[in-house]
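2 protein chains.
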Amino acid sequence: MKYPKGVKPRQYRNVRQGSGRKVKYGQRGMTLEKDLDITNDHYLKISRAVIHKKPTPVQIVNVDYPSRNRAKIDEAYFKTPSTSDYNGIYKGRYIDFEAKETKNKTRFPLINIHAHQVDHMIQCRAHGGIVFLIIRFSTLDETYLMPIGKFHVHWERFLNDEKMSISIEDVRTDSHLLKEGLNPRIDYLKAVDEIYFRNGEF
Amino acid sequence: MKYPKGVKPRQYRNVRQGSGRKVKYGQRGMTLEKDLDITNDHYLKISRAVIHKKPTPVQIVNVDYPSRNRAKIDEAYFKTPSTSDYNGIYKGRYIDFEAKETKNKTRFPLINIHAHQVDHMIQCRAHGGIVFLIIRFSTLDETYLMPIGKFHVHWERFLNDEKMSISIEDVRTDSHLLKEGLNPRIDYLKAVDEIYFRNGEF
Numbered sequence: 001m002k003y004p005k006g007v008k009p010r011q012y013r014n015v016r017q018g019s020g021r022k023v024k025y026g027q028r029g030m031t032l033e034k035d036l037d038i039t040n041d042h043y044l045k046i047s048r049a050v051i052h053k054k055p056t057p058v059q060i061v062n063v064d065y066p067s068r069n070r071a072k073i074d075e076a077y078f079k080t081p082s083t084s085d086y087n088g089i090y091k092g093r094y095i096d097f098e099a100k101e102t103k104n105k106t107r108f109p110l111i112n113i114h115a116h117q118v119d120h121m122i123q124c125r126a127h128g129g130i131v132f133l134i135i136r137f138s139t140l141d142e143t144y145l146m147p148i149g150k151f152h153v154h155w156e157r158f159l160n161d162e163k164m165s166i167s168i169e170d171v172r173t174d175s176h177l178l179k180e181g182l183n184p185r186i187d188y189l190k191a192v193d194e195i196y197f198r199n200g201e202f
Numbered sequence: 001m002k003y004p005k006g007v008k009p010r011q012y013r014n015v016r017q018g019s020g021r022k023v024k025y026g027q028r029g030m031t032l033e034k035d036l037d038i039t040n041d042h043y044l045k046i047s048r049a050v051i052h053k054k055p056t057p058v059q060i061v062n063v064d065y066p067s068r069n070r071a072k073i074d075e076a077y078f079k080t081p082s083t084s085d086y087n088g089i090y091k092g093r094y095i096d097f098e099a100k101e102t103k104n105k106t107r108f109p110l111i112n113i114h115a116h117q118v119d120h121m122i123q124c125r126a127h128g129g130i131v132f133l134i135i136r137f138s139t140l141d142e143t144y145l146m147p148i149g150k151f152h153v154h155w156e157r158f159l160n161d162e163k164m165s166i167s168i169e170d171v172r173t174d175s176h177l178l179k180e181g182l183n184p185r186i187d188y189l190k191a192v193d194e195i196y197f198r199n200g201e202f
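Residue numbers (our numbering), protein chains in the order written: chain R, 1 to 202; chain P, 1 to 202.
Derived from the structure by calculation, the hints contain no laboratory data. It is possible that part of the hints are untrue.
Pairs involving identical chains hold if they fit within one copy or between any two copies, as the list cannot separate such chains.
Distance condition first, Cα-Cα at most 20 Å in a straight line; then the derived EDC-like pairs of lysine to aspartate or glutamate [unchecked claim]:
id	residue 1	residue 2
1	Lys79	Glu33
2	Lys91	Asp119
3	Lys45	Asp161
4	Lys72	Glu180
5	Lys79	Asp170
6	Lys79	Asp41
7	Lys45	Asp119
8	Lys179	Glu162
9	Lys45	Glu194
10	Lys100	Glu169
11	Lys54	Asp119
12	Lys163	Asp41
13	Lys53	Asp119
14	Lys79	Asp119
15	Lys54	Asp41
16	Lys53	Asp85
17	Lys54	Asp37
18	Lys54	Asp85
19	Lys91	Glu180
20	Lys179	Glu156
21	Lys54	Glu33
Chain R on its own, in the form it takes in the complex (with noise of 0.2 Å):
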């Protein structure tokens, strides 16, 4: 199966060659994944969430075993993903999130959004989950939470074939600017708790 066209493969291409590789300039940041990786051990740690990231599908083909102890898969290919990448539970309420980043300045493409993962989270809503987007201009270091409703009026539009993309403009209308500090790094509870808790409750 294909995969989709984004960052995914790319972060792959150097485990190889270990630490020692230069870091350009560019490269100096932590990935929006990092980012979210280290906020959700943190949340987890002080027992505020649980909140994981799914792991990456992969479509197994071949499998070795060289060894009793250790299968070495050595065929697979990556899957386009089915759900969101993010879920968990805070509060009593479902949670579920995707979280794309992009070096753009002054727009969000959707073409790296699949299908199946607005799908997924729109029927999280109707459930009655808390659902949204972590958006990332890398290029301008803004991380952004567009809750699922917002998300779904431009989604139509891309899906009539009217734009390709969200403005920085229409994402910091419609989202929260995530604060990102030392830990968490990127407190997006704070934001949800000003979304889904105004009032003290859902």
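Dock chain P against chain R, hints included.
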């Protein structure tokens, strides 16, 4: 990383042989995983719940790019899962469970469950989730739903080296027997209704 003892790697062994291979007597029945996939697809289709199996966690070491469109993973290893395999949303509540089957006719061995998975499930329960195990005695064709609270007692004894398994009598006492049907294959949400929503509310 070692892959834990279990049935998982074996299911990939025959992938390259195609579907023409002879089916042995013991392979006629569906696996629990397959039954749950079909059940969850059904629940999704009728908008009863949104519950998915998480992808198998894999540590990707090397990816080959023979062409632009198809990235081939040619070195990867199974990782020990840090969460349970299934989660999602039902009636607005977070739901989380692990599913295991054994060919043993009298006992459910606890060695197949990872401590990280149990820790995860206990955390989810503490945050207000609906959490349980689905245990199938495949030789007996009996499938049970055991709430995490009941399981935890047995697990503590396992951690204290008091016992390595749960007897089938204890499983029967502490669980709901799940009837198997055509569609849904295993109506485990019916048991969830009886256990967690008995008075129409959680």
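Against the structure, the hints come out as follows:
1. Lys79 x Glu33: both (18 Å within a copy, 19 Å between copies)
2. Lys91 x Asp119: Between copies only: 18 Å across, 24 Å inside.
3. Lys45 x Asp161: neither (44 Å within a copy, 27 Å between copies)
4. Lys72 x Glu180: neither (39 Å within a copy, 35 Å between copies)
5. Lys79 x Asp170: neither (31 Å within a copy, 40 Å between copies)
6. Lys79 x Asp41: between (26 Å within a copy, 18 Å between copies)
7. Lys45 x Asp119: Intra 31 Å, inter 12 Å, cutoff 20 Å: inter-copy only.
8. Lys179 x Glu162: Classified as neither; 32 Å inside a copy, 49 Å across copies.
9. Lys45 x Glu194: For lysine 45 and glutamate 194, the Cα distance exceeds 20 Å both inside one copy (22 Å) and across copies (33 Å).
10. Lys100 x Glu169: within (17 Å within a copy, 49 Å between copies)
11. Lys54 x Asp119: both (17 Å within a copy, 17 Å between copies)
12. Lys163 x Asp41: neither (37 Å within a copy, 32 Å between copies)
13. Lys53 x Asp119: both (18 Å within a copy, 17 Å between copies)
14. Lys79 x Asp119: Close inside one copy (17 Å), not across copies (29 Å); limit 20 Å.
15. Lys54 x Asp41: Cα proximity of lysine 54 and aspartate 41: in one copy and across copies (14 Å, 19 Å).
16. Lys53 x Asp85: So lysine 53 and aspartate 85 pass the 20 Å test inside a copy (6 Å) and across (12 Å) alike.
17. Lys54 x Asp37: Intra 11 Å, inter 17 Å, cutoff 20 Å: intra and inter.
18. Lys54 x Asp85: The answer is both: 5 Å in one copy and 10 Å across copies each meet 20 Å.
19. Lys91 x Glu180: The answer is neither: 22 Å in one copy and 34 Å across copies each exceed 20 Å.
20. Lys179 x Glu156: Neither, since 29 Å and 41 Å both go past 20 Å.
21. Lys54 x Glu33: The answer is both: 11 Å in one copy and 18 Å across copies each meet 20 Å.
In this structure, the hints that do not hold are numbers 3, 4, 5, 8, 9, 12, 19, 20, in rising order.
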